[in-house]
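Here the protein sequences line up with chains A and B, keeping their order.
Going by my numbering, 221 is the number at position 221 of the first sequence; the sequence numbering is gapless.
Going by my numbering, 386 is the number at position 386 of the second sequence; the sequence numbering is gapless.
Honestly, the hints are just simulated from the structure, not real lab data.
Keep in mind that the hints are not guaranteed to be accurate.
Note that the list lumps identical chains together, so a pair holds whenever it fits in one copy or between two copies.
[To be verified] Taking lysine to any residue and the SDA-like style, the derived pairs with C-alpha atoms no more than 20 angstroms apart in a straight line are:
1. Lys134 / Asp24
2. Lys483 / Ile368
3. Lys409 / Glu432
4. Lys344 / Asp141
5. Lys348 / Met157
6. Lys134 / Arg32
7. Lys3 / Lys134
8. Lys259 / Tyr343
9. Lys14 / Ser138
10. Lys57 / Ile418
11. Lys134 / Leu391
12. Lys344 / Gly390
13. Lys348 / Asp141
14. Lys457 / Thr59
15. Lys409 / Gly444
From a predicted model like this one, the values you see are computed outputs, not experimental measurements.
Protein chains: 2
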Amino acid sequence: MSKNLTKRSEDYSKWYNELVVKADLAENSGVRGCMVIKPYGYAIWEKMQAELDRMFKETGHQNAYFPLFIPKSYFSKEASHVDGFAKECAVVTHYRLKNAEDGSGIVVDEDAKLEEELIVRPTSETIIWDTYRKWVQSYRDLPILVNQWANVVRWEMRTRLFLRTAEFLWQEGHTAHATKKEALAEAELMQNVYADFAENFMAMPVIKGTKTESERFAGALETYAIEALMQDGKALQAGTSHFLGQNFAKAFDVKFTSKEGKLEYVWATSWGVSTRLMGALVMTHSDDQGLVLPPNLAPIQVVIVPIYRGEEQLEIIAEKAKEIMDDLKAKGISVKFDDRDTYKPGWKFAEYELKGVPLRIAMGPRDIENGTVELARRDTLTKEVVKQEGLSDSIDNLLEEIQKSLFVKAKAYRETHITKVDNFEEFKEVLENKGGFISAHWDGTSETEQRIKELTKATIRCIPNDAEIEEGKCVFTGKPSHKRVLFAKAY
Amino acid sequence: MSKNLTKRSEDYSKWYNELVVKADLAENSGVRGCMVIKPYGYAIWEKMQAELDRMFKETGHQNAYFPLFIPKSYFSKEASHVDGFAKECAVVTHYRLKNAEDGSGIVVDEDAKLEEELIVRPTSETIIWDTYRKWVQSYRDLPILVNQWANVVRWEMRTRLFLRTAEFLWQEGHTAHATKKEALAEAELMQNVYADFAENFMAMPVIKGTKTESERFAGALETYAIEALMQDGKALQAGTSHFLGQNFAKAFDVKFTSKEGKLEYVWATSWGVSTRLMGALVMTHSDDQGLVLPPNLAPIQVVIVPIYRGEEQLEIIAEKAKEIMDDLKAKGISVKFDDRDTYKPGWKFAEYELKGVPLRIAMGPRDIENGTVELARRDTLTKEVVKQEGLSDSIDNLLEEIQKSLFVKAKAYRETHITKVDNFEEFKEVLENKGGFISAHWDGTSETEQRIKELTKATIRCIPNDAEIEEGKCVFTGKPSHKRVLFAKAY
């Protein structure tokens, strides 16, 4: 197959858009801003879901499901939340269509107007806390550790596949606790779970930190985030975990009787990651040949392509391939044998490169004679001839090596793209020419943050959890600061 | 805990509504007709999903995801589909809210009116076939075997938890084929997959059959259904698989070039089951004490309740319990040790009865002395003292026995509730006093079917796949018929 993929160095943004479509991950639909996630893309998302779901359950969480629709009035109950979320959203106003009287098709039935409009959930804090009121009476009902896998809608004006779509898929955890301390610990725990997932499954290094007030989730007292760096030097917020204090409990009147018999408001957290991670995955590892997938999330880890002329050769190769497949499957490795006669080997090679399959085995009549196969690595684009004997062991090791190597490579890139900067000229210069994170002092005010954003488009991505205490001066105002924060342009 | 559950014999409908809420399966939300699926209920749904998803994949299907919204005009493209689905639905007309000028809260921004209204999907044939047009050019692109797990919305006026809700969760398979024969085989295959799932996991016997024209899915040429019988003698359609012919391909112009180089329309199927199955599960097995869950779908298969006074006794029991749990987990059996000190054993017994946990182990100091446990079966409400030695093996066997026994019991009930009837007086009498399926001759016309429905509320549930050819006379009109069909009142 011919790839015709724009090079990253030419136009990174175009490269991304093309790759997502050509590699069969997703495409735009007939509905403005809504994407179709194609089977291959969805298979990656399913692997992400499975690992995250396992991690959530191992940390004591259960899944549940709450309504898609939220009555408009619910949003007004939490003051800061309404400004953040009840603006650009899909509003359901009617519940019936009818045939037009002039026979021109179907029209909205004006008699079926809802008394109160329903909002398609942009996030579910309000409907969930309205529910928790019924679930919580006593300290014995706490904690509630619940997650939901769902679709949400935010009416974005400019959309890009996975990165920013009107509808997207995500998980949202919503927990309720008896104490502030417990809720804070939960929010931090989930930041760690997300970082663990990003680094060990996506092979994507992340920086753990907290958000500044202006970048916080609407309604949160603290937002813990994991921030990743894409190959074009732009940052991407990959997951957030919010400490919500008692804001939603107060807005929805959720109280409990403590062990001591006192009536108290419940403490809350919420946390989420979305199909945006698919975009992050693509932009962290892929190259000008197509996707590069970490083995831990690749739907197909190994593909076997037979090189043959005629049925007889194919049969012999297929028999050997079956042996190899059985060995690999026994080790839990996913493998596909592509014996389609409708495409040539070269076309298939290009296709699996484009789709980021970590390892490709090619086998022809000479390999059968010699007891060998040709083994090609997608990440390094190298290939070698190896013995069939012990193949499944070498592949098992190699997949692990690829997984590690992708992380090391991405981390090396990230490390060389955190630049300490102490004056604003240098700030602008680094941002413009090198990109990446800029580690700089900041005076702690939203005004300065806003001004820098206006001048450079860079925002404070986070205050790293491990930021050292050091005396310094704000890179913009020169006012005193005792910690560096990370600035970057971001997705 | 006190159950206060209405008896089935007193009011079956009330019993169901109460049980669903009290057993923590689901509850009504603040949004009309939309339910909250609680963690315990969702855990059962997740088990259903996992098994079905495995079966879909084993039969060659892949998952994907299509938009929640469907442009209004898409519905008009398939004539019979629009009448069936584009009526009672949630209509999105605006994409923004704003603060009211009088400060009274937030209101719909009239400037943000959509040019074309969007319908929240009641089913996805239209948006999916609009997408398939882009995916299909050649016979090499076929078949497309795709499924999606999603939420859908149908604006129902009278709703009941799980059985009929405005929003529900389901899966919808949408396949595209080169030939009519292949599409028919697919629709039949999925009917078999559903029947297999219903019988072997839900322990719910089903009758496989086809729907009459008036009961068919809007846009289908044939609807294959599985029909179950609830304990009150009413039928429940548990899953459907539709042969759609070329209707959607024609409506959305989906053509392919065949091997012979001819341009042809694609053949289609769609098939789905929903959270309605949760209602079917409850109504098939449960009793006046609460839920009865088949072991294959029970989130907790075994619960261990310690009977103790003081920390010291608890510690000794906990140690033994841990051994038993390790043995059970090694066999893949899910087990919970409930050592909460906030509830008494009797309360816990009642709770797990209500929640349908198949096996309960109680262990006190005397059991520790004697090397025994008390083992209670939820389905028969019997208990016996058994040796701790070999306990995991006996439990493994017992779970299998319970699974089978539930199916046998439900099947026996179903068999005694299929009544052959040859005249309309008897038809009405059986329907009113005995309920269940009525096996009767029918003249094959929609008029007769409609008339019987008006007079008795009974509908033709299906024409069984295995209906024998026999000459007879329509139970209503006396006209000739050569097959019996199954009538029943239905959910």
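These are the hints, each one checked on the structure:
no.: 1; hint: Lys134 / Asp24; verdict: between (44 angstroms within a copy, 12 angstroms between copies)
no.: 2; hint: Lys483 / Ile368; verdict: neither (63 angstroms within a copy, 60 angstroms between copies)
no.: 3; hint: Lys409 / Glu432; verdict: neither (23 angstroms within a copy, 74 angstroms between copies)
no.: 4; hint: Lys344 / Asp141; verdict: between (62 angstroms within a copy, 16 angstroms between copies)
no.: 5; hint: Lys348 / Met157; verdict: neither (38 angstroms within a copy, 53 angstroms between copies)
no.: 6; hint: Lys134 / Arg32; verdict: between (38 angstroms within a copy, 17 angstroms between copies)
no.: 7; hint: Lys3 / Lys134; verdict: between (56 angstroms within a copy, 18 angstroms between copies)
no.: 8; hint: Lys259 / Tyr343; verdict: between (70 angstroms within a copy, 14 angstroms between copies)
no.: 9; hint: Lys14 / Ser138; verdict: neither (55 angstroms within a copy, 28 angstroms between copies)
no.: 10; hint: Lys57 / Ile418; verdict: neither (35 angstroms within a copy, 44 angstroms between copies)
no.: 11; hint: Lys134 / Leu391; verdict: neither (58 angstroms within a copy, 40 angstroms between copies)
no.: 12; hint: Lys344 / Gly390; verdict: neither (28 angstroms within a copy, 58 angstroms between copies)
no.: 13; hint: Lys348 / Asp141; verdict: between (56 angstroms within a copy, 15 angstroms between copies)
no.: 14; hint: Lys457 / Thr59; verdict: neither (38 angstroms within a copy, 51 angstroms between copies)
no.: 15; hint: Lys409 / Gly444; verdict: neither (33 angstroms within a copy, 70 angstroms between copies)
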